[in-house]
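Participant: Position chain B against the provided structure of chain A, taking the given hints into account.
Protein chains in written order, with my numbering: chain A, 1 to 351; chain B, 1001 to 1414.
Calculated directly from the structure, the hints in this document are not laboratory data.
Ideal Cβ placement from N, Cα and C applies to all residues, glycine included.
Any given hint might turn out to be false.
Claimed, not checked - Covered, in the sense of this in silico footprint (three residues per stretch, anywhere, with C-beta under 8 Å from a C-beta of chain B), are these stretches of chain A:
1. 173–186
2. 196–202
3. 228–240
4. 294–301
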Amino acid sequence: MSSPFPKLGLRAWIVVLLLVILAAAFILSLTLGSVRIPPEQVWRILTGGEPDKASWADVIFKFRLPKAITALLVGAALSAAGLQMQTLFRNPLADPFILGVSSGASLGVALVILGTGAGSASAFIAGLNTFGDLSLALAASLGAGTVLGAVLLVSRRVQNTVTLLILGLMFGYLTNAVVSLLIYFSQPERVQVFSLWASGSFGGVTWNQMRVFAPVAVAGLFIGFVMIKPLNALLLGDDYARSLGLNVRRARFWIILSASILAGVSTAFCGPIWFIGVAVPHVARTLLNTADHRALLPASMLMGASFALVADVIAQSPGSQYVLPLNVVMSLFGVPVILWVILRQRQLRFS
Amino acid sequence: MLRKTLILIVLIALLAACAPQTTPEVDFAPTEIPATEAPVAVAPEHNLTDGCVAEGEYDASIDYFPEKATLAQTENFSIEYFNNYKVVTIATPYPGAAESVEYVLVQCGTPAPDGFLDEQIIEVPVQTIVTMSTSYLPFLDELGLLDRLVGLDDATYVSNTTVLKMAEEGKLTMLGYGSGVNVEKALELAPDLIMTYGSGAPDYDAHPVLIEAGLKVALNAEWMDTSPLGRAEWGKFIAAFFNKEADAEALFAEKARKYEELKALAAGVTEKPTVFTGSAYQGTWNVPGGNSFAAAFLKDAGADYLWADDTSTGSLPLAFEAVFEKAKDADYWVNVGFFFTLADVLTADARYADFAAYKNGNVWNNDAKTSPAGGNDYYESAVAHPEIVLADLIKIFHPDLLPDHELVYYRQLK
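Excised from the complex, chain A in its bound form (with noise of 0.2 Å):
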């Protein structure tokens, strides 16, 4: 399919100001935060330089540097993911956690936190520090993982796309069943810690998580990436795109692969993050005009990242001490702001 470059020149524009506003609003998550610092300060200390305040400094690089940087890749990685997801279903709400990704991922989770594990207390501590950190990301992939490649193996043999997305679907009820039956024989303080992690957050990610957290995710948005032509190719049906030439059975194996990638792996390290894999596509398709995924999928990237790093810049309430749970202000703030944009653009097109 040679369809044209949706005007180069916007494009271009458009990218150059998306890389402005993601630059602006990494450097706002930087400098606001709960710990109150001077902008000034803040370039000090990004520079090099020797801050006031020699906690300040730790501040900046050991929490709020990793916590930008993770709300950047999962910001971007979610909305690929969605993006995604939506071309392949051909469902506008389709989300990245649609096969069930973010259920398996709660399954690893809630087993550790919920479950009684493999007998002793004692024990399952013991486990859980084994890998630290780690661990719950650790446990959150396996679920995660065990879902995909359920997932993938069924999609090896299934002909019809709405089929997988149907056992994907049931794959999602099945693993949140099984969470909900692990709530209901929990204690309520357990629950209590098991929907923490299911509220998500940034700022649980170390640099030493980051080895692992950012090398996958950069994995799975480059086989996104590598999938652009497939995507575009899938737009017009699976039959049109199989006449073309395109083995539809691999590409869509590799766009799971990589969605689930970047859903599980953000999952893992995060939490359950709503709202951006499905609302972010759709914002880049509004205020791009096209279904080219040339200019979707890097768009849907650097729009999903800056709202990312927006959205947590407003949990940590600057100012306050406290901390709102991510996705509550993902959705209270993000929901006007997309509805703004697609409406607004619907009252262009009848005009």
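Facilitator: Then chain B, alone, in the frame of chain A:
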């Protein structure tokens, strides 16, 4: 006609003759004291801790509870005594409760008062009890009531050796916890009382389903009390159900005396070390508020809790960076959470190494008395012994004040 009237009159006369007669009044000579052999109710000298008032012996003018509890420390519950029943009122039975809850503890063998729901009426002394929190066990133990324990929610985290033995010997029935409590087993067991707590989320609690099944349930809100002595005073709440107020009063008085002594000792220090507690989870650090239970202990032990000025009684969800900024140079780090060694702390998050308390090895955890199954006795027997916890903390912050005390619930992380 006349014959019918006559028969009617005869019948009426017969009926009148058979009508209940009033007891003939026996005229006692004023100077004679009648010696009677019929049982007459005598006011008991002690509460009836075992058994009921015998049939026909009930006298409404007698006070069946000569031994009463007086509450000094806790504000959340009160006991009002009447002749044959006590009304125990919990002002806030669970977080977010709209109204208080009242339990009417009726001396068994005596009639229950009117004006209360059936579920509020509990016959005392209770003969069989199921507990759904390990924190009630130490009180039952010190009151000598463990033989009346017939069930638990779960025996996994119990530290009390007697209870563990009872569970091993199969003497206790496990009912499970939360909304998944096994109601059928509970009905089969038919205990006189099930003591549990409300978490604030009734959907996850056990008591609504148990009450609906017709079982007698008492909510215990000791976990919400923010004062260490207040929490220990809930032993009197438990004792009230067994008429053992006398023992409970004596035990508590001794603990309160020791506690106040220790508190006065610590109050005299000139230098108060700074301290912070807890750890971060997913970037959020839940810090106990200034008026919380944990903060009260730290204050009484002569330490400067960094969030002492805060007025919250619960915990504050703070950003890790905010806690870091404030507590970076603090002297002590206590109640750290699920860590066994200093290395574990670092594995969980490398950023903990930047805290001065960590660098100096002044990291202390309240899990020294943990059972092999993972049950931490700090959440069990320490509830009944705030004076020991206070001694531990004073030993940590001001070792020279208590040179002979050995730590019971606390240990230093190595």
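Participant: It remains to establish, for every hint, whether it holds in the given structure.
Facilitator: How the hints compare with the structure:
no., hint, result
1, 173–186, "holds (count 3)"
2, 196–202, "holds (count 4)"
3, 228–240, "violated (count 0)"
4, 294–301, "violated (count 0)"
Comparing the model with each earlier hint shows violations of hints 3 and 4; every other hint is respected.
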